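Enquirer: Below, each chain spelled out in residue letters.
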Amino acid sequence: MKKILALALAAAMSLSLAACGGGNGGNNPGGSSANNPGSASQPGTDVSTPVDSKSDFKVGAVYITSQNDTAGYTFQHHNGITTAMKALGLDPADLIVVDNVPDNDDTAVATAIDTVVNQGADIVFGISFGYINAMNDKAAEYSDVIFSHGTGYMANDTNFNNYFGRIYQARYLAGIAAGLKAKELGNNNIGYVAAYNTEYAETCSGINAFALGAQSANPDVKVYVNKINTWGDETLERQAAQALIDTYNCGVISQHCDSAQPQLVAQENGAFGCGYNSDMTEQAPNGHITAAIWHWNVYYQTAIQAAMDCNGDASKFVENMGGNAYYAGLAEGFVDASPVNEKTAAPDTKAVMDAVRELIVSGDWDVFSGVKLSYTVTDGKVEITKTNADLVDNAGNVIVAAGGPSVDDGVIKGSMNYNVAGVVEG
Amino acid sequence: MKNRQPLFHVVKRESGSPGRQILAYVAAVALALVVGAVLLAVQGVEPLTFYKQMLTMGIPGSRYPWRAVENFIKLFVPLLIVSLALALAFKMRFWNIGGEGQFIMGAFWAGVAAMNLGESLPRPAMVLVMAVAGALGGGVYGLFVAALKVRFGTNETLLTLMLNYIALYFLQFFAETKADWNFFLDPESARPKFAKFPASAQMITIPIGPFNLNLSLVIALALCALIFAYLNYTKRGYEIAVVGDSPNTARYAGMKVGKIVLRTIFISAALIGMAGAFHVSSAGVMSASPTNDVGWTGIVVAWLAKLNTVGILVAAVLITVLQFGCQTASATYPAIDANFANLLQGVILFIVLAADFFTRFKLVRRGGKEAVK
Numbered sequence: 001m002k003k004i005l006a007l008a009l010a011a012a013m014s015l016s017l018a019a020c021g022g023g024n025g026g027n028n029p030g031g032s033s034a035n036n037p038g039s040a041s042q043p044g045t046d047v048s049t050p051v052d053s054k055s056d057f058k059v060g061a062v063y064i065t066s067q068n069d070t071a072g073y074t075f076q077h078h079n080g081i082t083t084a085m086k087a088l089g090l091d092p093a094d095l096i097v098v099d100n101v102p103d104n105d106d107t108a109v110a111t112a113i114d115t116v117v118n119q120g121a122d123i124v125f126g127i128s129f130g131y132i133n134a135m136n137d138k139a140a141e142y143s144d145v146i147f148s149h150g151t152g153y154m155a156n157d158t159n160f161n162n163y164f165g166r167i168y169q170a171r172y173l174a175g176i177a178a179g180l181k182a183k184e185l186g187n188n189n190i191g192y193v194a195a196y197n198t199e200y201a202e203t204c205s206g207i208n209a210f211a212l213g214a215q216s217a218n219p220d221v222k223v224y225v226n227k228i229n230t231w232g233d234e235t236l237e238r239q240a241a242q243a244l245i246d247t248y249n250c251g252v253i254s255q256h257c258d259s260a261q262p263q264l265v266a267q268e269n270g271a272f273g274c275g276y277n278s279d280m281t282e283q284a285p286n287g288h289i290t291a292a293i294w295h296w297n298v299y300y301q302t303a304i305q306a307a308m309d310c311n312g313d314a315s316k317f318v319e320n321m322g323g324n325a326y327y328a329g330l331a332e333g334f335v336d337a338s339p340v341n342e343k344t345a346a347p348d349t350k351a352v353m354d355a356v357r358e359l360i361v362s363g364d365w366d367v368f369s370g371v372k373l374s375y376t377v378t379d380g381k382v383e384i385t386k387t388n389a390d391l392v393d394n395a396g397n398v399i400v401a402a403g404g405p406s407v408d409d410g411v412i413k414g415s416m417n418y419n420v421a422g423v424v425e426g
Numbered sequence: 001m002k003n004r005q006p007l008f009h010v011v012k013r014e015s016g017s018p019g020r021q022i023l024a025y026v027a028a029v030a031l032a033l034v035v036g037a038v039l040l041a042v043q044g045v046e047p048l049t050f051y052k053q054m055l056t057m058g059i060p061g062s063r064y065p066w067r068a069v070e071n072f073i074k075l076f077v078p079l080l081i082v083s084l085a086l087a088l089a090f091k092m093r094f095w096n097i098g099g100e101g102q103f104i105m106g107a108f109w110a111g112v113a114a115m116n117l118g119e120s121l122p123r124p125a126m127v128l129v130m131a132v133a134g135a136l137g138g139g140v141y142g143l144f145v146a147a148l149k150v151r152f153g154t155n156e157t158l159l160t161l162m163l164n165y166i167a168l169y170f171l172q173f174f175a176e177t178k179a180d181w182n183f184f185l186d187p188e189s190a191r192p193k194f195a196k197f198p199a200s201a202q203m204i205t206i207p208i209g210p211f212n213l214n215l216s217l218v219i220a221l222a223l224c225a226l227i228f229a230y231l232n233y234t235k236r237g238y239e240i241a242v243v244g245d246s247p248n249t250a251r252y253a254g255m256k257v258g259k260i261v262l263r264t265i266f267i268s269a270a271l272i273g274m275a276g277a278f279h280v281s282s283a284g285v286m287s288a289s290p291t292n293d294v295g296w297t298g299i300v301v302a303w304l305a306k307l308n309t310v311g312i313l314v315a316a317v318l319i320t321v322l323q324f325g326c327q328t329a330s331a332t333y334p335a336i337d338a339n340f341a342n343l344l345q346g347v348i349l350f351i352v353l354a355a356d357f358f359t360r361f362k363l364v365r366r367g368g369k370e371a372v373k
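For the record, the sequence lines run as chains F and W.
Going by the working numbering, the first sequence opens with residue 1, and the numbers climb by one from there.
Going by the working numbering, the second sequence opens with residue 1, and the numbers climb by one from there.
Next comes chain W alone, as it looks inside the complex (with noise of 0.2 Å):
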């Protein structure tokens, strides 16, 4: 045995079309729905009506249809803003699993001007300074790691964990601290609770008949439409794909690399910190841990959709509503409860990756070299 091999080596594939990897996922959705009937069926649960519960999110027939609508929106809309921003820094190859922290800075910011100036403004302009204001917070509590990233080369992987975890404490400690100062709880409660926001503080909403809709929502799609041209008509956008394939490069062209990177962070972060803030301004109150795990699947989604817009659209969209549909179809089922529901989402977004990675990758046994042109 002159040169020892690893049984299998991982090889990328020359190239995957379109069409290929589309089949590919749709075969991987059907076999972890038939793994997850084999599941449901051994919890004595009939697979098809769960399924179509969970499908259709128990809307038809259900008794307030748009309360629904409205609950999904306000899990899709947090969804898409952080995975679109988390594709940007993605982009460049800046590894920002620092959404959680993003999110909560910036809807703790976005509480502070609530209870602050909720009074004194009026329901639009309490809406838009709650939005810059978690912008702000988010953006900089961003822009803090990118900076040390660009001046100490610093990692930013672990900067950016090790500050989600700084993020949630800091907002727990608000949560549980009763205080005279504490302007965020309720004086009236004996144990410590948030306040509710005042009324100008909440998200405004369009009502349609029964069904509210909420304005994050157009704003949301709206960005998504602005990041699309960004990243694919102008300069700066350019600049993001140039430094992400290769900083020497971007260099050589004359770009000022440690700028891009600095200016695009912020923008990541600051969209997660402006998604915190309508986070609490539609729930009306803060919340000691308001995330619903956006920042964490916000990078399956955006990884799941290539880093691509539309994609992310449809991506966010279709985990929506395999989290809001699990909910709602295990409702009626004693034998399954949440962790289950989490455990099919899990068992369903594992084969749907590992599809993608089989699409793009193959193993190439030892020895199998010859057969290898």
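Chain F with its partners taken away, still in its complex shape (with noise of 0.2 Å):
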């Protein structure tokens, strides 16, 4: 807006200097008489300032897009606060909210957070993973105000927590749908179209528990993942798809980007698919099955009501919360699989899902051990077999040994940087 009016003013102004040499216009006195309509009313019923709630506690939160966004990553946290703030009896009209913030410049992420906290926030959020050195400095700075920042990893012991989730389960679950459809189509390749793959934990992790939980129901499966170097890019999207049906004949597309194109690609092509983020059965119902899919506000509703309990003191924020860096899962709500979509969906999809994700509750079993999952359906009672097995990489390397525990929560959060066999990079 700013660049186009900028150029717009050069070039007219470039112009008009060169053009306007003989231009000899009588003079004309104040033929235009600068009307200045400077009391113009507006209907003044009340000046109502936001309205004090029951509570006078603040929650400020920055954003990386439009807090008006309808969907994507912004919508579904905004989305989550407000729900949460809500259940907790605050006004989400009082929400203090700095958006569009961009995630790779510090100083315009401090201002934001200085914005918000001088509004008188309580708890400030940061969503983004680039306000990490923002949210640390400004938690040093401002002693008497929470920080809380989603997907980072920096913390201190008082003032300052992180949080993500263990988004890998949920796509564990949705990988036994599409290893489930990928039998019944009798078509073992399986396309992943991904933001990146071993270049971030998150995104490799993901892929991986994707296609543990796909070849769990179908050991043959093969998962093609096709990147895209970006979080979110419509046309890329939508490309990378079509590229992993035309090259692989892939029946099933599942992904790890913003939008519902793959999945809206898959159905185009008579293809299913697994979507990310939100139910996309919406977007596509006759190709969409299952979606990983997360509810923010468990988790903005426990740390909104941490702060609360704080009674002003935000030095106990991180003891209320039992810890600096919050990583729920399937157990807590904070993830799942979006409802199975039985139009789409294979056979006693949902009942396998249902068993592996009470198992998963339990605390019993964990997506990157040393155990392998299989099924066996008989009239809709599902049985899991546990079998001991090495959990190998796509390169021969043994990650975990036959029988051994799953991983450290810091390898899946931050250090892993493999795919697991049968993942193929195309």
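Not close to chain W: a few residues of chain F, all C-beta gaps over 10 Å, as computed: (1) Asp157; (2) Ser278; (3) Lys316; (4) Glu342; (5) Val392; (6) Ile399; (7) Val407.
If you anchor each label on the Cβ, the simulated ranges turn out as follows: (8) Leu318(W) to Glu319(F): 44 to 50 Å; (9) Lys306(W) to Asp157(F): 53 to 59 Å; (10) Asn68(F) to Val69(W): 28 to 34 Å; (11) Ser415(F) to Pro210(W): 37 to 43 Å; (12) Ser415(F) to Thr177(W): 15 to 21 Å; (13) Gly209(W) to Asp409(F): 43 to 49 Å.
Since the hints were derived computationally from the structure, they do not count as laboratory data.
Nothing here was measured: the structure is a model prediction, and the numbers come from that model.
From the three backbone atoms N, C-alpha and C, an ideal C-beta is built for every residue, glycine too.
Work from the hints to combine the two standalone chains into their complex.
Expert: Below, the structure is given as structure tokens:
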């Protein structure tokens, strides 16, 4: 906007300076008397400043795109925060937000945080990874305010934590649906449109969990990853999904990217798919099976409640949260697989997913362990068989020996940089 | 219909008295605010409250008012320096729209200095080294275009524009490439992320109570005075004006036009680069998009002020109040997001610029010629 204005201005100036050399108009005295509409009164029913709600606890947030978005990452978080506020009796209209804050400019982030704090926020949520430096600095600077950073890894012992979820558990469930569908179709090729792959633990752990879930239902599947090197670009997402179908004849398409385009492409090609972030059955009712989704309000409600319980002493926040890195999963309801679309799913998909969900929630088993699952379904009753087997990456290295426990959370959140066997980067 | 004419002609007004000009500006701002008020009311926001918060930038009654002032200064200083520098080039009718690129290059080279020398130099020396590195980085980037123009007559508008994007992606390459040689990044982070500068590379601040006065503000204001003197009271400043009016006249008067262009553009771009250095030094860390669009906004400021140094100071203050105030005011309204705040700024600037246009030009209707003597 500003850029266009500036360019137009520069162009107009250079043109007018060049062209109007001999412009000789008569002098026109005061033809356009500048009428000053100074007191155009707005209907002044009442001068309403935002009304104080029951509690004077103030929630603040810094967003990467607009708070008025209707889909996507910021929308999911905004929706989570406002849902949590309502549940806690706070008025979402009192939420203090600075939005469209780029996550690659620390000055802009720091200024946005200052603004939110200055407007009275008692807790500040920053939703993008790149806010990490500024969140860390400001947590040290404002010890009377609580800071909570999504997807980051920095924290302190008093007023600053980070939060993320075990979305890999939800992806394992979605993988089961994909594997069963592949078996039904008799087509063992599954496609995966990914923002990135082994560059980020967040992306490759998702791919791996999905692949392991698919293999548990159908040991012969191969997951072909097509990465687009950006978190969201509808055109690229579309092309990547189409390429997977055209090149590998994939019958099921999963994704780790912002929009529902891969699911739409699957549907258009008569294929099926598993979405991400929100239940994409809405967009692709004849293609989509189930999606790995977040319930951000679960975290936000926990965090705001913990912050309110501090009663003004921000330093108690981490203690109230039971630690400075919130990392919840299926058990807490923070992540889940969206309701199975019976129109597209293979038979028994829901039953198997429910059984595995129950197993993961119980805490007896987790995805990246040396124990593989397989299923037998008789009359709708699911029996899960556990088999000890090495967890192997696709270069043949053993990650976890047969029967070993699941890898550390630190690996899943930070240092995982491989694909498991059966994943092919195409 | 013998001679077809366009419906309207744009004709320059004889002379706009300064009083009339100012009156037009005031009227334009008022009109823009009314338009904005309507837009706000449609969104269900009480316009007067919003405007009050916007103009005071939310400072009264805020928890840390001094911090808001510091942030204002951080936005204001780069805009002021860049606008001043662009005005130097524009005076010579050198259409430098490469402020973004020169700013990024300044920031980049200042960052190179900070990350490599930061441990070894004391703070005042380090800040100085960064300023010089930034000035050279930006200056050479601008000089390159000026040299091509002087030597081959290339179009500087196109070149400076395209070099903006080269600079931007050049910097982003360093921001996103995780490798052992990349000294910019934090080795501790699994994801690529800029490391903070060593403490000595942080901009010097002068504590006044809880408030920290950023030294770059003092420097920027001093630059204002220097550039005012340079343009109005020195031979070189006069040369810029002459070359701007007519290169042929300058040549006839024995001036070396090429040399004057090279020198002035180097100074202009170097100042912009230095602003970039001040910016990253104040932030204490590199950024993949450090400019906050000053290279563009600076053009608006320079022209709004008619390239007048004092005018630039005033316009830069007003635009920063508008930007920062919009952000602060919109923070407390769910309906008002940053996009709307941008729209509001755009409306205000557009109407002011339109007013500016109509005080200097007028539209004459076809066939209205008889009315004009």
